[in-house]
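A.B. asks: Residues per chain, in single letters:
Protein chains: 2
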Amino acid sequence: MPESHPAPERFPVTVDVVALTVRRGELNVLLITRLIEPFRGKLALPGGFVLAGEELLEAAARELAEETGVGHLPGHLEQLGSYGPKGRDPRGDVLTVAHLLLAPDFPVLAAGSDAEHAAWYPVAEVPELAFDHALILDDALERAKSKLEYSPLGAAFCGDEFTIAQLRSVYEAVWGTRLDPRNFHRKATGTPGFLEETGTMTTGDAGRPAALFRLAPAARMTAGQPTRAVLNPPLMRPRE
Amino acid sequence: MPESHPAPERFPVTVDVVALTVRRGELNVLLITRLIEPFRGKLALPGGFVLAGEELLEAAARELAEETGVGHLPGHLEQLGSYGPKGRDPRGDVLTVAHLLLAPDFPVLAAGSDAEHAAWYPVAEVPELAFDHALILDDALERAKSKLEYSPLGAAFCGDEFTIAQLRSVYEAVWGTRLDPRNFHRKATGTPGFLEETGTMTTGDAGRPAALFRLAPAARMTAGQPTRAVLNPPLMRPRE
DNA sequence: CCAAAAGTGTTAGCCGTACACCCATGT
DNA sequence: ACATGGGTGTACGGCTAACACTTTTGG
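Chains A and B are the protein sequences, given in the same order. Take the first sequence: its letters are residues 75 to 314, numbered as in the working numbering. Take the second sequence: its letters are residues 75 to 314, numbered as in the working numbering.
Just so you know, these hints were derived from the structure itself, not from any lab. Mixed in with the good hints there might be a few duds.
Because identical chains share one entry, a pair is satisfied inside a single copy or across any pair of copies.
Claimed, not checked - Derived DSBU-like pairs (lysine-lysine); straight-line CA-CA distance at most 30 Å: (1) Lys261 with Lys116; (2) Lys261 with Lys160; (3) Lys221 with Lys160; (4) Lys219 with Lys261; (5) Lys221 with Lys261; (6) Lys160 with Lys116.
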């Protein structure tokens, strides 16, 4: 923290959100189509300016709500990192604090605002993005992959209750690998403090009904703060 | 990225640096004594305003140099995370981007600037800090601990050349545990792409001379960017 | 010779992987 | 009956943890 000898420069500060979900077995990211310059017509991450009196997470949650129409925070939101301020926006220096949302598939407002239109895109098919958003997306994907190894946040992609197979398909989509259903089942159910059985079963699907699980209390959020609980030993993603 | 309907708020943006080193087997952090209000007389992390045209890392490196007198970046510097802007400074909203430096023990300028005086403090004995710096320090310590598990950055605490025992003492200091010298030796030297022998040996110490190592090329920085190389399998810290 | 630290060998047990096998439902 | 997916048992291999032991220096 400095004294004020050099007049403190002030920067416009934005928040961007990399919202990830799993749809039909594929990892998807929420992108908006820019209807204004710069980068008009290009895809970009949802985001916007931090307003006076706002915390970073608040601002990210607000921008997400404004651009998708979701009523409340649909999943787990955390800070990813900050980018800039130099050379990322042709209009001038802007610092952006990127955020990562891991959420179940939620509907985005069909008719976006007058300036932007949001939709899900499979990450494997994302075209060129505006600003430095391709870099931010890369970092977000890497963060998501490692989050799944060491934290119970894979469940953030599912609803409140889910089967082991649904959870496994999340891991497979995010990591881009196939996992052995039997070993995954044993590992997920056998990790203390991770899952708890609801007692109910699925029905109507093909095959034997599956037990429904939810996150164990120790693995859930604590007072709005992301849990520090760790999966130990980790669920390891196959390396290459 | 937004259109400009709401006049974009502009924030003063600072960078703070949590500089960690290992001295005499203890993890130490660089702190400055504040000579001006607010928090006059209290300890704080070194840091200061981001200037126009600066990147975040540049600003962090500049502040570090200004407050310690080091000529060049003495170790590995990376972004930790952003804090604020609300309620962290009594003078008004300030966004700060915290950084983490892992470095060998380097001397700090005895006579600091007119406003601040920097020195190393063992992390176990850090008293109350100014602003939200205690929170930032906690996050930095946690980050440092996990960095050692998955990256070769433990070596950033050592000089260019070091013995396995010196490297082990880094792990022990950061993790606050004792490690078996024999198993650590095997693991460190046996991990492909981590260390390479210099060919020279120490001399003059008690006991058998030790071989000197340096980081293998694959584990070093690439063009100023922190390496993404990963220790796989990780060097695991004992849990509890 | 003794202490001290470096480095190697060896073993037991845990855990991840692979895969055979049984269970319970929909059609 | 059969297909489909849920769930359990089991064996092998690699890795960690624990520790006995040898090597090489300084005092």
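A.B. asks: For Lys221 vs Lys160, is the C-alpha pair at or below 30 Å within one copy, between two copies, both, or neither?
C.D. replies: both (29 Å within a copy, 27 Å between copies)
A.B. asks: How would you classify Lys221 and Lys261 at a CA-CA limit of 30 Å: within, between, both, or neither?
C.D. replies: both (16 Å within a copy, 25 Å between copies)
A.B. asks: At 30 Å max between alpha carbons, let me know whether Lys261 reaches Lys160 within a copy, between copies, both or neither.
C.D. replies: neither (45 Å within a copy, 42 Å between copies)
A.B. asks: With identical chains, the pair Lys160 and Lys116 could be close in the same copy or across copies; at 30 Å between alpha carbons, which is it: within, between, both, or neither?
C.D. replies: within (21 Å within a copy, 33 Å between copies)
A.B. asks: Since the copies are identical, ignore which copy is meant and state whether Lys261 and Lys116 lie within 30 Å (CA to CA) inside a copy, between copies, both or neither.
C.D. replies: neither (42 Å within a copy, 48 Å between copies)
A.B. asks: What label fits Lys219 with Lys261 when the C-alpha limit is 30 Å: within, between, both, or neither?
C.D. replies: For Lys219 and Lys261, both the intra-copy (18 Å) and inter-copy (25 Å) Cα distances are at most 30 Å.
The structure is inconsistent with the numbered hints 1 and 2, although it conforms to all the rest.
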